[in-house]
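There are 2 protein chains.
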Amino acid sequence: MERPAPTETPDDRPDDTASAGPRDAAPAVTLFVCQTCRTPGTPPEDAPQGARLAEAVRAAAHDPDVEVKPVRCLSNCKRGLSAAMVRAGGWSYVFGDLTPASAPDLLAGATLFAGSTDGLMPWRGRPDCLKRGMIARVPPLFFTEEPR
Amino acid sequence: MERPAPTETPDDRPDDTASAGPRDAAPAVTLFVCQTCRTPGTPPEDAPQGARLAEAVRAAAHDPDVEVKPVRCLSNCKRGLSAAMVRAGGWSYVFGDLTPASAPDLLAGATLFAGSTDGLMPWRGRPDCLKRGMIARVPPLFFTEEPR
Chain A
1 MERPAPTETP DDRPDDTASA GPRDAAPAVT LFVCQTCRTP GTPPEDAPQG ARLAEAVRAA
61 AHDPDVEVKP VRCLSNCKRG LSAAMVRAGG WSYVFGDLTP ASAPDLLAGA TLFAGSTDGL
121 MPWRGRPDCL KRGMIARVPP LFFTEEPR
Chain B
1 MERPAPTETP DDRPDDTASA GPRDAAPAVT LFVCQTCRTP GTPPEDAPQG ARLAEAVRAA
61 AHDPDVEVKP VRCLSNCKRG LSAAMVRAGG WSYVFGDLTP ASAPDLLAGA TLFAGSTDGL
121 MPWRGRPDCL KRGMIARVPP LFFTEEPR
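Sequence order for the protein chains is A and B. Residue numbering for the first sequence follows this note's numbering, starting at 1 and increasing by one per position. Residue numbering for the second sequence follows this note's numbering, starting at 1 and increasing by one per position.
Okay, chain A solo, but in the shape it has when bound:
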């Protein structure tokens, strides 16, 4: 099981990302939404529901710490609509089994992740669809597991 981590609040952010003024830095988190994913069982002639999800996420995005980008394939095609979140120096996350209605949850999860101080997305406070739909997480490049 993924290790639950304590909830972080925006107040826990490092000073260089907590400014409420104009931002010079890159957004903390990039949220990639697959626009070619299809909900299993839907007719092949239907437009891919992933495009609807990607558009819904883009339209609802409001956190300057989260950049939303469409992507064509996360190679998670068997698990319904998919998205991934990446953060500089942090873990990367892949989610599946999403629906076009998951947009607010994806954005809430991305904001939670952006506010984390340890590079992990907190388990507590994470929207349910990002718990149930957890596909995998990937360590940052220079991660070394600490001995127990």
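Just to be clear, a hint being listed does not mean it is correct.
No distinction is drawn between identical chains; accordingly, a pair holds when it is met within one copy or between any pair of copies.
[Said to hold, decoys possible] Heads up, simulated EDC-like pairs for lysine to aspartate or glutamate below, C-alpha to C-alpha not over 20 Å straight-line: (1) Lys-78 - Asp-97; (2) Lys-69 - Glu-145; (3) Lys-69 - Glu-146; (4) Lys-131 - Asp-105; (5) Lys-78 - Asp-65; (6) Lys-131 - Glu-146; (7) Lys-69 - Glu-45.
It should be emphasised that the hints constitute simulated quantities derived from the structure, not laboratory data.
Use these hints to put chain B onto chain A, whose structure you have.
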């Protein structure tokens, strides 16, 4: 489907990673092997087969472009033994349904990935278990999908 990419050979590597002499740079690819994964259906009292896979990979590693690190959880627990590959500025890959015998294939895949010139792991030449066991891939932080 993941986009197949042409096979890259070691000769395609940029000059700064192709040196056969002593290496100053960090390895191109980090191969994380989950040591707590269990093969589905095995008794809970058995030691996790992931530990055997992690040890087999470590013992067989020989490419200075590939660093092998054990990790405790990739949150891919339902899909058998798991591993992930990460490369600076490249895509990240998660594989599942591995066995302790997958060590040589994982290392071959990591070497293939290290030699890629576009940050993607080539499809052609990739060991079968890294095709069948593909779980997901994650874009690099600053990736932007090019228009078709």
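Quick rundown of the hints versus the structure:
1. Lys-78 - Asp-97: both (9 Å within a copy, 15 Å between copies)
2. Lys-69 - Glu-145: between (30 Å within a copy, 8 Å between copies)
3. Lys-69 - Glu-146: Classified as between; 11 Å across copies, 33 Å inside a copy.
4. Lys-131 - Asp-105: within (11 Å within a copy, 31 Å between copies)
5. Lys-78 - Asp-65: Neither: 30 Å inside a copy, 32 Å across copies.
6. Lys-131 - Glu-146: Intra 24 Å, inter 31 Å, cutoff 20 Å: neither.
7. Lys-69 - Glu-45: neither (25 Å within a copy, 44 Å between copies)
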